[in-house]
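J.: Spelled out from the first residue to the last, the chains are:
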Amino acid sequence: VTLLSLCFILVSLLSFVTAQLILKRAMQPTVTSGFRDPSFISRMTIGIALMTISFFLTLGLLQRFDLSYLYPFQGLSVIIITLLAAVTLKEKLTAQLVIGGALISAGIVLVSLS
Amino acid sequence: MRERPSGFANPWLQLVLSIVCVLVSELLLKRGASNTADPADGWAWTGINSLASPLVWWAIILIIISFISWLYVLKYIPLTVAFPLSRVVDILVPLSCWIFLGESISTRRWCGIVLVVIGLALVAKPIARIEQRL
Chain B
189 VTLLSLCFIL
199 VSLLSFVTAQ
209 LILKRAMQPT
219 VTSGFRDPSF
229 ISRMTIGIAL
239 MTISFFLTLG
249 LLQRFDLSYL
259 YPFQGLSVII
269 ITLLAAVTLK
279 EKLTAQLVIG
289 GALISAGIVL
299 VSLS
Chain H
8 MRERPSGFAN
18 PWLQLVLSIV
28 CVLVSELLLK
38 RGASNTADPA
48 DGWAWTGINS
58 LASPLVWWAI
68 ILIIISFISW
78 LYVLKYIPLT
88 VAFPLSRVVD
98 ILVPLSCWIF
108 LGESISTRRW
118 CGIVLVVIGL
128 ALVAKPIARI
138 EQRL
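Which chain is which? The protein sequence lines are B and H, in order. Count along the first sequence starting at 1, add 188, and that's the number in this note's numbering. Count along the second sequence starting at 1, add 7, and that's the number in this note's numbering.
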């Protein structure tokens, strides 16, 4: 594993996490005001762009590494997204959600290490 | 929680649809990417040459469907709940390999699956209570 591929893994993970947060932010106002919110298009575009970057980076990484090596990193996205959604989107966070998210992340890491 | 549409428009049903599409697309992507792996290609790190595989294109179609229903899910369900639940796919993949392909699951992997199930139950439990009250 080179430093470069670790960078790719991190960039892929970060862009995926950020994309989810931005997409959620884009969809939130559509419940009440439909798609007329002026920032909807820009948020959706940034979110989709980040998803695309993460998608192709993951494909490239899959060609070089086993899924069992790459997947533990994706597993971490659960607890990261849970915490960041509470911080950036002001979603209500309970101890139960944090413990649940941490267990899911830990479980995914265990499942995918082999 | 806000009032939500029912039937096919039910966000929980859409969450399930999104999960199933992701499950199938993951399997297609791994196979497609492996089929087209070419370490000699200087652009291989971008993954772009995987587009030569039709399996990757089927996976992309499924990803688009799952993406649309995921956006719909995001409209109604908090990310702190929807995202952890969506990762049920990470235990469905090894479980479906075990059930349908007769692959074996190591002890460590079973431990991981149990942890994920407990975590999912913790995340889902308060929702079940809220839904019941409605």
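Watch out, some of these pointers could steer you wrong.
A partial selection of chain B residues facing chain H, derived with a Cβ cut-off under 8 Å [said to hold, decoys possible]:
no.	residue
1	Gly-222
2	Asp-225
3	Ile-229
4	Leu-238
Pairs of lysine-lysine residues, derived as DSS-like cross-links and limited to a Cα-Cα distance of at most 30 Å, are as follows [what the hints assert, rightly or not]:
no.	chain 1	residue 1	chain 2	residue 2
5	B	Lys-278	H	Lys-37
6	H	Lys-132	B	Lys-280
7	B	Lys-278	H	Lys-82
No lab work stands behind these hints: they were computed from the structure. Ideal Cβ positions, reconstructed from N, Cα and C, are used throughout, including at glycine.
J.: Is the hint on B/Asp-225 kept, meaning its closest Cβ partner in chain H is under 8 Å away?
T.: Violated: closest Cβ of chain H sits about 12 Å from B/Asp-225, beyond 8 Å.
J.: If you draw a straight line from the CA of B/Lys-278 to the CA of H/Lys-82, is it 30 Å or shorter?
T.: Since the Cα atoms of B/Lys-278 and H/Lys-82 sit roughly 15 Å apart, the hinted pair holds (cutoff 30 Å).
J.: Taken at face value, is the distance from the CA of B/Lys-280 to the CA of H/Lys-132 at most 30 Å?
T.: holds, 15 Å
J.: Have a go at the B/Leu-238 hint: is there a Cβ in chain H nearer than 8 Å to its own Cβ?
T.: Since chain H brings no Cβ nearer than about 13 Å to B/Leu-238, farther than 8 Å, the hint is violated.
J.: Against chain H, run the beta carbon of B/Ile-229 and see if the smallest gap drops under 8 Å.
T.: Result: violated, 13 Å to nearest chain H Cβ.
J.: Is the straight-line distance between the alpha-carbon of B/Lys-278 and that of H/Lys-37 30 Å or less?
T.: violated, 36 Å
J.: Under 8 Å, Cβ to Cβ, is where B/Gly-222 needs to be relative to chain H, so tell me if that hint holds or is violated.
T.: At 11 Å from the nearest chain H Cβ, B/Gly-222 fails the 8 Å test, so the hint is violated.
The earlier numbered hints that this structure contradicts are 1, 2, 3, 4, 5.
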